[in-house]
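Visitor: Starting from the given sequences, assemble the full structure and let the hints guide the process.
Spelled out, the chains give:
2 protein chains.
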Amino acid sequence: MIKDMKWWGWGDPAFVFPLDEKPLLWPFIQKSLGLNAATRQTPPVDRASLRLPEPRTNAAFMQAVQGVLKPGQIAGDDEQRLIHTYGKSFPDLFRVRQGIVGNAPDVVLFPESHAEVEALVAAATRTGVKLVAFGGGTNIVGGVEHLDTAAMRVTLDMRRMSRVLEIDRDSWTATIEAGAPGPKLEDDLQALGFSLGHMPDSFEFATLGGWLATRSAGMQSDAYGKIEDMVVALKLVSPAGTLATKLTPKSSAGPDLDQIVVGSEGILGVITEAVMKVHPNPAVKDYHGVLFPDFESGSAAIHEVISRRAAPTMFRLQDADETQLAFSMKAPSAGLSGFIQSQVKKYLKARGYAQPCLMMVGFEGDAEYVAEMRRKVIPMVKKHRGFHLGNSVGKTWTKNKFAVPYLRDILMNHGCMVDVAETAAVWSKLLPLYHAARNVIKEQFKKEGYPGYIGCHISHSYVDGASLYFTFASQQLPGKELEQYYRFKRLITETFMRNGGTLSHHHSVGYEHRPWMEREVTRPGLEALRGLKHALDPHGVMNPGKLIPPADAKTTSAPTPAASIPVETP
Amino acid sequence: MIKDMKWWGWGDPAFVFPLDEKPLLWPFIQKSLGLNAATRQTPPVDRASLRLPEPRTNAAFMQAVQGVLKPGQIAGDDEQRLIHTYGKSFPDLFRVRQGIVGNAPDVVLFPESHAEVEALVAAATRTGVKLVAFGGGTNIVGGVEHLDTAAMRVTLDMRRMSRVLEIDRDSWTATIEAGAPGPKLEDDLQALGFSLGHMPDSFEFATLGGWLATRSAGMQSDAYGKIEDMVVALKLVSPAGTLATKLTPKSSAGPDLDQIVVGSEGILGVITEAVMKVHPNPAVKDYHGVLFPDFESGSAAIHEVISRRAAPTMFRLQDADETQLAFSMKAPSAGLSGFIQSQVKKYLKARGYAQPCLMMVGFEGDAEYVAEMRRKVIPMVKKHRGFHLGNSVGKTWTKNKFAVPYLRDILMNHGCMVDVAETAAVWSKLLPLYHAARNVIKEQFKKEGYPGYIGCHISHSYVDGASLYFTFASQQLPGKELEQYYRFKRLITETFMRNGGTLSHHHSVGYEHRPWMEREVTRPGLEALRGLKHALDPHGVMNPGKLIPPADAKTTSAPTPAASIPVETP
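Protein sequence lines correspond, in order, to chains C and H. According to the numbering used here, the first sequence holds residues 186 to 755 in order. According to the numbering used here, the second sequence holds residues 186 to 755 in order.
No wet-lab data here; the hints were simulated from the structure. Please note: incorrect hints may appear among the correct ones.
What the hints assert, rightly or not - Just some of the chain C residues that point at chain H, by a computed CB distance under 10 Å:
1. 401
2. 402
3. 433
4. 435
5. 445
6. 454
7. 551
8. 609
9. 687
10. 707
What the hints assert, rightly or not - Below, in silico cross-link-like pairs of lysine-lysine (BS3-like), each with a Cα-Cα straight-line distance of 27 Å or less:
11. H/561 / C/561
12. H/561 / C/567
13. H/567 / C/561
14. H/561 / C/568
15. H/515 / H/207
16. C/627 / C/534
17. C/470 / H/561
What the hints assert, rightly or not - Per the computed footprint, the stretches of chain H lying under chain C, defined by three or more beta-carbons under 8 Å from a beta-carbon of chain C, are:
18. 396-402
19. 422-429
20. 710-718
No residue lacks a Cβ here, since even glycine has one placed at the ideal position from N, Cα and C.
Guide: In structure tokens form, the structure reads like this:
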């Protein structure tokens with residue numbers, strides 16, 4: 186029922202990234218990162234050699250738990266503890282692959298109802314254990330890792346709460362339990378004729394509650410919004426009781442409590458269910474590829490279409506480096522189609538598309554709507570020197586879209602550092618920010634004296650701005666892997682902050698981004714967050730150490746493979 | 186420069202509602218409310234007989250003020266104190282017309298910069314005076330009235346901070362000072378080629394800061410959103426310092442602080458400026474009238490159009506009673522056009538439009554967009570038995586839209602109670618809620634044994650629901666005017682709450698809606714709001730008594746003409 190990811194990497198343990206079917210890919214990576222046949226292999230430690238810490242037990246809490254849950258809902262075995270230790274950031278995977286699992290939960294509980302969560306949160310508050318809510322475990326900013334070192338560490342795996350509780354066919358809303366993972370949620374809704382349409386990279390594993398807690402953005406956000414735009418009402422089980430927000434399209438009854446709970450990253454309580462906007466399952470999904478001579482032209486095309494109130498379901502624009510990577514994933518065509526492909530390439534090269542940028546543009550809806558949108562949007566993007574590749578590229582992309590994250594595991598087996606960083610900015614700042622971030626990382630590779638890769642795409646667009654999503658990679662510096670990673674992470678985050686970008690557009694804060702929170706929200710903004718925390722979780726039960734920096738945040742230790750909390754000073 | 190409203194009623198002191206040009210209107214009102222030539226006249230008290238309370242002075246505060254402001258920014262005269270005593274609800278106007286002004290501010294200050302507001306809030310926090318921020322004074326839920334009785338009462342009139350500070354032509358955002366009233370804000374933006382497009386009934390007087398503090402909704406919200414959808418970033422001067430939110434299209438750096446400040450009704454601090462989404466000033470504004478045989482058909486038409494992603498700029502659907510009132514405001518045409526009009530009426534009556542419901546549908550944008558939207562929307566509404574009246578009705582409506590609130594003053598001169606109540610609900614609950622609210626008020630008029638009027642319109646529509654806006658009126662019960670008003674107010678609000686409506690869609694909470702806040706947001710929701718208040722305004726300086734009910738809210742006194750705080754128990 187519950188699909189756990191592999192303990193040492195991303196995704197389904199049975200799935201292997203089909204490197205063999207993509208003969209251009211590995212050579213491209215080898216060249217970009219300076220790998221060769223002699224490059225050291227860095228497989229994860231043997232599962233058998235991996236030792237979890239002795240679990241602590243809070244007897245009063247466990248007694249309360251036994252009164253609430255059945256034995257099958259309580260897991261103290263190492264397998265479950267290991268799987269719930271980390272999210273999937275580079276530092277998470279690096280540590281788990283080294284066998285560093287000191288922050289494993291002491292027990293994993295699987296509540297099956299809102300009432301059970303209420304009882305567990307009340308018991309935790311009474312007995313002083315620490316609670317972390319866990320959805321798919323896909324978070325990459327440290328969101329699900331236990332940090333408190335003294336008390337018993339309890340992880341609530343929410344995935345047994347995954348039902349669609351109610352559908353309102355008039356209002357296009359669905360009440361859904363927070364533990365529903367993407368595929369089950371979509372299957373259940375689609376069986377009712379509806380869709381949520383939220384498809385982030387984490388879709389196959391992450392849950393509704395996790396998306397809400399982190400302000401997730403799906404690939405089709407241009408049409409359906411970020412998760413915070415889709416939520417109509419929700420329930421949060423906090424140590425102060427259950428906060429249930431009003432089911433209403435809009436309200437002026439004070440600050441928006443939905444928007445306080447959304448993005449609260451488990452520090453205020455556990456989201457147990459939400460009423461979400463849904464829409465009739467689209468009859469047609471039509472995805473097209475368009476090539477641009479440069480990132481600027483593609484970006485201008487998106488900007489114009491969006492500002493003419495003609496937003497398609499998805500815009501995704503890759504820069505030249507990411508486009509090269511994408512093209513390297515395509516098997517070269519043989520025969521006639523291969524010949525045509527090479528002729529098109531020559532033709533484009535001659536016309537200034539030597540380093541093309543690939544845009545995917547998607548339309549979803551009924552046939553009439555899709556046809557109308559396509560008629561409107563495609564000519565607009567062509568005006569900006571877009572070369573329309575048709576929808577076969579779209580089909581390939583749709584098929585492969587969830588496979589890419591698996592590639593990192595292969596790279597980590599070859600001693601490489603790979604991670605991502607994302608931000609958003611208003612249009613007037615977007616391209617300067619893009620160039621600044623790209624340059625600072627390229628310069629750093631140069632300074633450190635080894636080859637590296639950085640690529641970027643725009644994946645979420647708004648009338649007032651857009652998001653930028655960077656992927657960077659290089660060989661690891663043996664023995665200094667985390668220092669190296671945090672050096673790059675800090676550099677790119679600093680560049681975002683100095684150039685008008687937000688700290689995170691859809692990955693959230695966890696502890697990775699915590700050092701910049703005061704600059705992001707100002708000191709009174711932090712005070713507001715602390716006020717919320719104090720009101721709903723006065724004893725600090727819920728996900729301690731996340732989102733809000735400690736009041737004396739200036740002097741924590743530097744990250745080492747052994748310590749799990751990175752530096753607080755950005 | 187600053188346009189004050191008349192002290193005893195709505196709007197421009199020089200404007201008189203043109204009753205003479207609308208010969209059908211007064212007879213309609215007389216019949217609806219049982220008025221006749223013998224009905225008592227109830228003019229406001231003589232300005233000369235009106236006595237304001239002796240102003241209190243906090244010497245330490247006033248000394249600080251003199252160090253910050255010039256003499257022309259400090260007003261202690263009765264004229265200014267009177268104008269800043271109340272908003273414009275029925276209880277506000279009833280009391281001021283009776284000469285009840287015990288809650289007048291002791292002094293009115295006119296800051297001219299963010300830094301001045303910072304200095305004033307810091308001085309107030311240090312010296313223990315109470316601060317109320319005042320924009321246009323159009324609030325109708327008690328938002329700007331001083332309630333604290335012990336400390337010095339200081340009102341900050343924000344309207345000297347009314348500049349457009351910056352326009353970002355790429356990102357379609359404008360940085361605007363919070364004291365900008367609607368007309369100045371639009372004039373300044375339009376001189377730059379842009380528009381905010383926020384036109385609530387309060388447009389001519391209210392300010393950006395007031396709109397933000399109360400989650401205002403403009404008539405064109407279907408296209409441009411409520412004010413909370415338009416805000417990109419803002420500055421709030423709180424006793425804990427200035428909270429400045431990030432300028433970014435979207436973020437996942439924790440809870441949305443914009444959405445905490447928006448709707449905070451002055452209890453957390455003073456909003457001094459905001460970055461707002463703007464759009465190129467539309468070249469074409471095209472408003473059409475459509476008649477429906479009943480409210481259900483019109484509502485279904487809106488619902489279908491909205492759900493097909495074809496929302497026009499405005500939908501406004503009046504029920505049969507409000508349509509009758511609207512028609513009574515139109516002068517009967519003479520000659521041929523009068524003949525045609527009466528023939529159309531007969532034609533419609535024969536086809537089931539005996540009690541028609543009037544819809545206004547508006548399109549704004551460039552000519553191409555408007556034409557396209559019209560081509561798409563008009564046939565869809567016709568399908569729901571909409572009878573297209575063309576755009577002459579639209580022109581009349583556009584011309585008169587800001588005059589209607591003046592009508593209440595005439596009614597109050599004739600001993601009448603008039604007020605409004607508004608809510609929103611998801612589509613599945615909307616029509617049952619509409620009928621329940623209408624019936625409960627009609628029944629109450631019957632029970633109390635006098636004629637009364639209740640009309641309603643839908644003015645803001647969403648994919649998941651819509652708002653309902655009721656106007657109710659009757660003769661006052663002499664000597665028991667406020668008890669009578671609160672009886673009706675409580676009845677309709679209870680009906681909203683019991684039928685899935687929100688406590689307020691765009692009028693906010695103030696103290697009028699405070700008794701229902703716990704039911705609206707749950708007790709932990711209130712705790713969250715108290716946590717915010719405590720963090721940003723620990724000493725209770727900012728607009729005390731608003732939005733959040735006191736912790737022991739169950740037993741406050743009933744409202745009387747002398748007491749300004751209404752009952753807490755709903």
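Visitor: Now, for every hint given, state plainly whether the structure supports it.
Guide: Checked hints:
1. Of the supplied interface hints, the one on residue 401 of chain C holds, with its beta-carbon coming within about 7 Å of a beta-carbon of chain H, less than 10 Å.
2. The interface hint given for residue 402 of chain C is met, as the beta carbon of that residue sits about 7 Å from the closest beta carbon of chain H, less than 10 Å.
3. Hint status for residue 433 of chain C relative to chain H: holds, with the closest Cβ pair at about 4 Å, below 10 Å.
4. Annotation: interface hint on residue 435 of chain C holds; nearest CB of chain H at approximately 6 Å, less than 10 Å.
5. At a threshold of 10 Å, the smallest CB-CB gap from residue 445 of chain C to chain H is about 5 Å, leaving the interface hint in force.
6. Satisfaction of the interface hint for residue 454 of chain C is found here, the shortest Cβ-Cβ separation to chain H being roughly 8 Å, below the 10 Å cut-off.
7. Restraint check, residue 551 of chain C versus chain H: the minimum CB separation of about 9 Å is within 10 Å; hint holds.
8. The closest approach between the C-beta of residue 609 of chain C and any C-beta of chain H is roughly 5 Å, which is under the 10 Å cut-off, so the hint is satisfied.
9. A distance limit of 10 Å between C-beta atoms decides the matter here; for residue 687 of chain C the minimum to chain H is near 4 Å, and the interface restraint holds.
10. The restraint placing residue 707 of chain C at the interface with chain H holds, with a minimum CB-CB distance near 5 Å, inside the 10 Å limit.
11. For the hint linking residue 561 of chain H to residue 561 of chain C, the alpha-carbon distance of about 15 Å falls within 27 Å, and the restraint holds.
12. A threshold of 27 Å between alpha carbons decides the hint, and for residue 561 of chain H with residue 567 of chain C the separation of about 26 Å falls inside it, so the pair holds.
13. Between residue 567 of chain H and residue 561 of chain C the CA atoms are separated by roughly 26 Å; this keeps the pair inside 27 Å, and the hint holds.
14. Between residue 561 of chain H and residue 568 of chain C the CA atoms are separated by roughly 26 Å; this keeps the pair inside 27 Å, and the hint holds.
15. For the proposed pair residue 515 of chain H and residue 207 of chain H, the alpha carbon gap of about 6 Å is at most 27 Å, so the pair holds.
16. Using a Cα cut-off of 27 Å, the hinted pair residue 627 of chain C and residue 534 of chain C holds, with the two alpha carbons roughly 25 Å apart.
17. For the proposed pair residue 470 of chain C and residue 561 of chain H, the alpha carbon gap of about 22 Å is at most 27 Å, so the pair holds.
18. Counting residues of the stretch 396-402 of chain H whose beta-carbon sits less than 8 Å from any beta-carbon of chain C gives 4, enough to reach three: the coverage restraint holds.
19. Note: the stretch 422-429 of chain H has 6 residues with beta-carbon separation from chain C under 8 Å; the three-residue rule is met and the coverage holds.
20. Remark: the stretch 710-718 of chain H is confirmed as covered by chain C, as 8 of its residues place a Cβ nearer than 8 Å to a Cβ of that chain, reaching the required three.
Violated hints for the displayed structure: none, as all numbered hints are satisfied.
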